[in-house]
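The whole structure should be built from the sequences, with the hints applied where relevant.
Protein sequence lines, in the order shown, are assigned to chains X, Y and U.
Okay, so the first sequence: first residue is 1 according to full-length UniProt numbering, each after it adds one.
Okay, so the second sequence: first residue is 1 according to full-length UniProt numbering, each after it adds one.
Okay, so the third sequence: first residue is 1 according to full-length UniProt numbering, each after it adds one.
Check each hint, because a few of them may be wrong.
[Said to hold, decoys possible] Pulled from the structure, derived: some chain X residues nowhere near chain U, Cβ distances all over 10 Å:
{"#": "1", "residue": "Arg23"}
{"#": "2", "residue": "Ser24"}
{"#": "3", "residue": "Tyr50"}
{"#": "4", "residue": "Arg62"}
{"#": "5", "residue": "Asp81"}
{"#": "6", "residue": "Gly216"}
[Said to hold, decoys possible] Partial chain Y-side listing against chain X, Cβ under 8 Å, derived:
{"#": "7", "residue": "Pro88"}
{"#": "8", "residue": "Lys342"}
{"#": "9", "residue": "Gly431"}
[Claimed, not checked] Between beta-carbon pairs, the in silico distance windows are:
{"#": "10", "chain 1": "X", "residue 1": "Leu241", "chain 2": "U", "residue 2": "Leu65", "range": "37 to 47 Å"}
{"#": "11", "chain 1": "U", "residue 1": "Leu65", "chain 2": "X", "residue 2": "Lys90", "range": "33 to 43 Å"}
{"#": "12", "chain 1": "X", "residue 1": "Val296", "chain 2": "Y", "residue 2": "Leu56", "range": "39 to 49 Å"}
{"#": "13", "chain 1": "U", "residue 1": "Pro214", "chain 2": "Y", "residue 2": "Ala61", "range": "36 to 46 Å"}
{"#": "14", "chain 1": "U", "residue 1": "Glu187", "chain 2": "X", "residue 2": "Arg64", "range": "50 to 60 Å"}
{"#": "15", "chain 1": "U", "residue 1": "Arg22", "chain 2": "X", "residue 2": "Arg306", "range": "43 to 53 Å"}
{"#": "16", "chain 1": "X", "residue 1": "Val57", "chain 2": "U", "residue 2": "Leu65", "range": "57 to 67 Å"}
{"#": "17", "chain 1": "X", "residue 1": "Phe109", "chain 2": "U", "residue 2": "Arg22", "range": "15 to 25 Å"}
In short, the hints are calculated from the structure, not lab data.
For glycine and all other residues, C-beta sits at the position ideal for the given N, C-alpha and C.
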Amino acid sequence: MAVITAPAPAGHKAPASPAGGRRSRKLRDNLTGHTFLIGAVLCFALFMWYPMIRGLVMSFQRTRRGETTWVGWDNYIRIIDDPSFWIAWKNTFYFTALALVLGFAVPFFVAILLNEFRHAKGYLRILVYLPVMLPPASALFLFKFYAYDPSEAGLFNAILTALNLPTSEWMQSPTMTMPAMVLASTWMNMGSAVLIYLAALQNIPGELYEAAELDGAGIWKRIWNVTIPQTRLILALLAMLQIVATMQLFIEPLILANGAGTQDSATSVAYLIYQHGFFQNDLNGAAALGMIMLVVLAAFSAVYVRLSTKED
Amino acid sequence: MSVPQYRKVAALALVAGLGFSLTACSTKSDDGGDTAGGKVTISVDCQPVAAQKELLANWNADVAEFQKQNPDITIKSVSVGEQCNNPPDFTARLAGGTMTDVFYGYMTDLQQVLDSGKAMDITEYANKDTIPTWDSVDPALKEVFTDGGKLYAVPVKNYSMGLVYNKTLFTKAGLDVNNPPKTWPEVRAAAKKIAALGNGIAGYSEYSAGNTGGWHFTSLIYSQGGRVLSEDGKKAAFNDAAGKQVLQNLKDMRYGDNSMGSRQLLQWADLLTNAGAGKVGMFIGAPDSTQAIVSQFQGKYEDWAMAPLPGQTGPAKGTLGGGEGYFFKAGLSPDQVKAGLKWIAYQKLTVGKGQLDYARAKPQNYPVGLPQPLLFTNGSEAQKQELELRTKNANVDTANFKIFEENPVPIQGEPRNAQAIYAVLDSAMSGVLTNPNANIDALLKTAEEKVNQLLAAGS
Amino acid sequence: MAQDSGTRTLVSQSQLRRGRGRAIYWTLLAVVVVGFTLVFLGPLYWMVTGALKSGQEIAQTPPSLFPKDPQVQNYVDAWNNLKLAKLLFNTFYYAAGAVLFQLVFDTAAAYSLSKLRPVLGNVILGLMLATLMIPAMVLIVPQYVTVIDLPILHINLLDSPFSIWLPLVANAFNIFLLKRFFDSIPEDLMAAAFVDGATPLRTLWSIILPMSRPILGVVAIFSVTAVWKDFLWPKLVMPSPETRTVSVGIYAFAGGTPMNVVIAASVIAAIPTVIIFLIFQRNIMSGLTAGSLKG
Chain X
1 MAVITAPAPA GHKAPASPAG GRRSRKLRDN LTGHTFLIGA VLCFALFMWY
51 PMIRGLVMSF QRTRRGETTW VGWDNYIRII DDPSFWIAWK NTFYFTALAL
101 VLGFAVPFFV AILLNEFRHA KGYLRILVYL PVMLPPASAL FLFKFYAYDP
151 SEAGLFNAIL TALNLPTSEW MQSPTMTMPA MVLASTWMNM GSAVLIYLAA
201 LQNIPGELYE AAELDGAGIW KRIWNVTIPQ TRLILALLAM LQIVATMQLF
251 IEPLILANGA GTQDSATSVA YLIYQHGFFQ NDLNGAAALG MIMLVVLAAF
301 SAVYVRLSTK ED
Chain Y
1 MSVPQYRKVA ALALVAGLGF SLTACSTKSD DGGDTAGGKV TISVDCQPVA
51 AQKELLANWN ADVAEFQKQN PDITIKSVSV GEQCNNPPDF TARLAGGTMT
101 DVFYGYMTDL QQVLDSGKAM DITEYANKDT IPTWDSVDPA LKEVFTDGGK
151 LYAVPVKNYS MGLVYNKTLF TKAGLDVNNP PKTWPEVRAA AKKIAALGNG
201 IAGYSEYSAG NTGGWHFTSL IYSQGGRVLS EDGKKAAFND AAGKQVLQNL
251 KDMRYGDNSM GSRQLLQWAD LLTNAGAGKV GMFIGAPDST QAIVSQFQGK
301 YEDWAMAPLP GQTGPAKGTL GGGEGYFFKA GLSPDQVKAG LKWIAYQKLT
351 VGKGQLDYAR AKPQNYPVGL PQPLLFTNGS EAQKQELELR TKNANVDTAN
401 FKIFEENPVP IQGEPRNAQA IYAVLDSAMS GVLTNPNANI DALLKTAEEK
451 VNQLLAAGS
Chain U
1 MAQDSGTRTL VSQSQLRRGR GRAIYWTLLA VVVVGFTLVF LGPLYWMVTG
51 ALKSGQEIAQ TPPSLFPKDP QVQNYVDAWN NLKLAKLLFN TFYYAAGAVL
101 FQLVFDTAAA YSLSKLRPVL GNVILGLMLA TLMIPAMVLI VPQYVTVIDL
151 PILHINLLDS PFSIWLPLVA NAFNIFLLKR FFDSIPEDLM AAAFVDGATP
201 LRTLWSIILP MSRPILGVVA IFSVTAVWKD FLWPKLVMPS PETRTVSVGI
251 YAFAGGTPMN VVIAASVIAA IPTVIIFLIF QRNIMSGLTA GSLKG
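Pasting the structure below:
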């Protein structure tokens, strides 16, 4: 209807002359097309494409006392030889895997649950989305100061004590560091995933459930045979996005674990990039580490795309 | 809102937004220091933050007074946060070239500043004309900021670490306030008694995160007579008896006696927050850590006293010293450099002015009488005046620092590449403080490998 | 509130109305409502009241449920010492600018790629989509170096809002969403407009955009969230206290501020967004859900 109400242009322009004008018109159309593109293309060029090349170049250089020299693979060798390198990868993969279990499955089941309720729907949705509204640093300080306090003054430990369960040292325990970070991270981020799943669930035709029920399928079977296949696309997309996001784990270790955590149990690859670039004044090493991360993620994406297209 | 109206608003917003941002951009570009018409403008960082009300008022008063005395000079103060030099921010500013004309740095920052290629050689400018007290400034401090015979910064503060202890908790635990522990075994015994007070009080508290663990490890190993790096600075040297003793002492207190509290992974503010809340019996620190406890973390001066750093069997064999100075950004005009030096001379190095205006500081909630900033050579004119003025206006009991002052421990500087090494040593510290079964030999060996690796690749 | 539609979900309506199903339904609902309130609202309660406690009270065992002696001063200190008004203004200013730049540039680009299809358009689209899989962290160092000294122009964008706005325009996901949406708009409409002699700009303005409000809303929400949630990038490119965002500002001050004041600052910082969210929650929720699927 907007089309109908839109005011027609005042003076109709003469259509391009049928003869000879064809090429120039095509040229003009292309020109218009590119004019519309130019803003975005410039931004991509400056902040994406150029930095990619720059990063690659930087990773083979070293800048000292304002002078830049080519150093071959030196930066890569230095980065890989750093004992923290493998620890950081191990931690990052561990976090990604844990986050996939918790941060991916939990929102999905929460969405399925919420979708069944006929009451208090709006309230529950707002609740789940509330933490997303907090500045991430705030949410993490909340966990750091109150929830994960290792003494019995901490919220979690007070609850555990009240329930007669053994308390934990949370961020001070190398084995709890990662689960604790995943927990905080899931709490503060799961809201958006829940909303997206809810929307996907609402699009599932009711007849499918009906049919499944007639076939005698129980609740779990219906989830398995109807819900999951029907939301497969969005699940796959979100899983992909989440993995890429969790591989960049940074602010959680920085705030919750004061950086590296106890005995390097929180060091992540992203934190290592930061540490090299901005603590150790080694931007070239940080660039090399960034390139390594790029290769790993590219390989992962390739495998992922290959796998998910094969299923089709 | 009808469609066309909504569009109009959007278009307006677009124009307004662009205009706004353009003006924001243009105001940014004209803040460079010009020397138009004989007037000089310089920007200086490390202005106190709003939370430090009186310090900020003092600073602003100093700027006003200085500009009155030097009508040709305009000082632009920039505050960079509570901690004037937070390593990652400092590096970012350095890489980005966004530091002020005259910028604050630690003694250990010299290499990094030189690497950035953005510091200025000020050798020919720093003299008695620009800084009247220059000849009284301790040559050792000037040396720290010198590389290849060229001076790059003016020292404005100097400190060394000792044992800071809470007198109130000492009394409660039945310890003698005037006879603080002199050796690490004595520290351990005292910590045990203080921790026995319960209520979440730690007898002795120590850092293990955010590079501060490594920083304190350095001081602790100096007290044992050890070193962090070999003489030539090319190898790690802390994996020896001294290093092991440092970690063993901590392990014994943390898990043997359970006298270090359950909260670990502390960094700078965490420990001082606990100290301000009266939960820390002893820690090692510089005299001004008591200032931070009071001004930022709600503690009280009456509680705190300071002793020299303990050693294993007698007095400490060494202690960590450090300090701060102001660098000059490359590309300043000679007039700007002179103006900057004059400002530093006025605010930092003139007895009775700026940071040494003890009469003004006396009624304020900041300590006068701490054995700091130790800028002038012993016996020099400036040193005598400074000491006299400081003693006259002391608002903290100087007796609290008497033992510390009267028993000086040899001062050693921070290792080369300090921040990277501290990051590695953090993990040894956190290991021994959070893992009851920590293997000290393994922790040190891993750290040694890491540091050697870092040194081999880094230089 | 109840019965938003008759659509059948996992469990059938009738089953829920009958005896046992009904009991299970209500029990489950009660458990979930109480549980979610505790899990999602509880920490926020802890935050608001914790910030009212004194340093001593926070450290006490077991923790107290209500502050015994509320220290409102913590909130006052947080507001003044952290200059929260400035931090919040900065954050909203950056967010507003980000929305504007993304809407203008990304919409124009997606429109061009979808409807005008200039030569090499597909190559450009391919190059843009190729960046979809490149996480921000990978390029953080070269991007930072670029912002310090833009190639050719040699401008330093540190502390300038453009260092947040312009990189956000380079968002392949937005372009992808918008292009897919535009693709679904029938060509006939475009053709009709062109026959009428409308310029491409006019067509975009009066035909495409009015139809695209939902997707534009989604892009706007995404860009606000991106600014609000981002941490490391603003930390690096906004090094001065006057230009910091809320998240970075709170982090920067946490290093030298008692923790109850830090928490008080966190509470204050969260208030405006929570209010905005509560006011616009219907639009945000429907926008998010509709847009992410249709797009």
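Here's how the hints hold up against the structure:
1. With 10 Å as the threshold on Cβ separation, the claim that arginine 23 of chain X sits away from chain U holds: the shortest Cβ distance comes to roughly 13 Å.
2. The beta carbon of serine 24 of chain X sits about 15 Å from the closest Cβ of chain U, which is more than 10 Å, so the claim that it is off the interface holds.
3. At roughly 6 Å from the closest C-beta of chain U, the C-beta of tyrosine 50 of chain X falls inside 10 Å, breaking its exclusion from the interface.
4. Every C-beta of chain U lies more than 10 Å from that of arginine 62 of chain X, the closest at about 14 Å, which supports listing it as non-interface.
5. For aspartate 81 of chain X, the non-interface assignment is confirmed: its Cβ lies about 19 Å from the closest Cβ of chain U, beyond the 10 Å cut-off.
6. A cut-off of 10 Å between C-beta atoms confirms that glycine 216 of chain X is not in contact with chain U; the least separation is 14 Å.
7. Evaluation of the proline 88 of chain Y hint against chain X yields a held restraint, the C-beta minimum of about 4 Å falling below 8 Å.
8. Look at lysine 342 of chain Y: its Cβ only gets to about 28 Å from chain X, farther than 8 Å, so that hint breaks.
9. Contact between glycine 431 of chain Y and chain X, as hinted, is supported at the beta carbon level, the nearest pair being about 5 Å apart and thus within 8 Å.
10. Checked against the hint of 37 to 47 Å, the C-beta distance between leucine 241 of chain X and leucine 65 of chain U comes to roughly 39 Å, which is consistent with it.
11. In this structure, leucine 65 of chain U and lysine 90 of chain X meet the distance hint of 33 to 43 Å, their C-beta atoms being roughly 40 Å apart.
12. Between valine 296 of chain X and leucine 56 of chain Y the C-beta distance comes to about 48 Å, which sits within the given range of 39 to 49 Å.
13. For proline 214 of chain U and alanine 61 of chain Y, the hinted distance range of 36 to 46 Å is not satisfied, since their beta carbons lie about 58 Å from each other.
14. Glutamate 187 of chain U and arginine 64 of chain X have their C-beta atoms about 59 Å apart, which keeps the hinted 50 to 60 Å range intact.
15. In this structure the supplied range 43 to 53 Å holds for arginine 22 of chain U paired with arginine 306 of chain X, their Cβ-Cβ distance being about 48 Å.
16. A beta carbon spacing of about 58 Å between valine 57 of chain X and leucine 65 of chain U agrees with the range 57 to 67 Å that was offered as a hint.
17. The hint said 15 to 25 Å for the Cβ distance between phenylalanine 109 of chain X and arginine 22 of chain U, and at roughly 22 Å that hint holds.
Checked against the numbered hints above, the structure breaks hints 3, 8, 13 and satisfies the rest.
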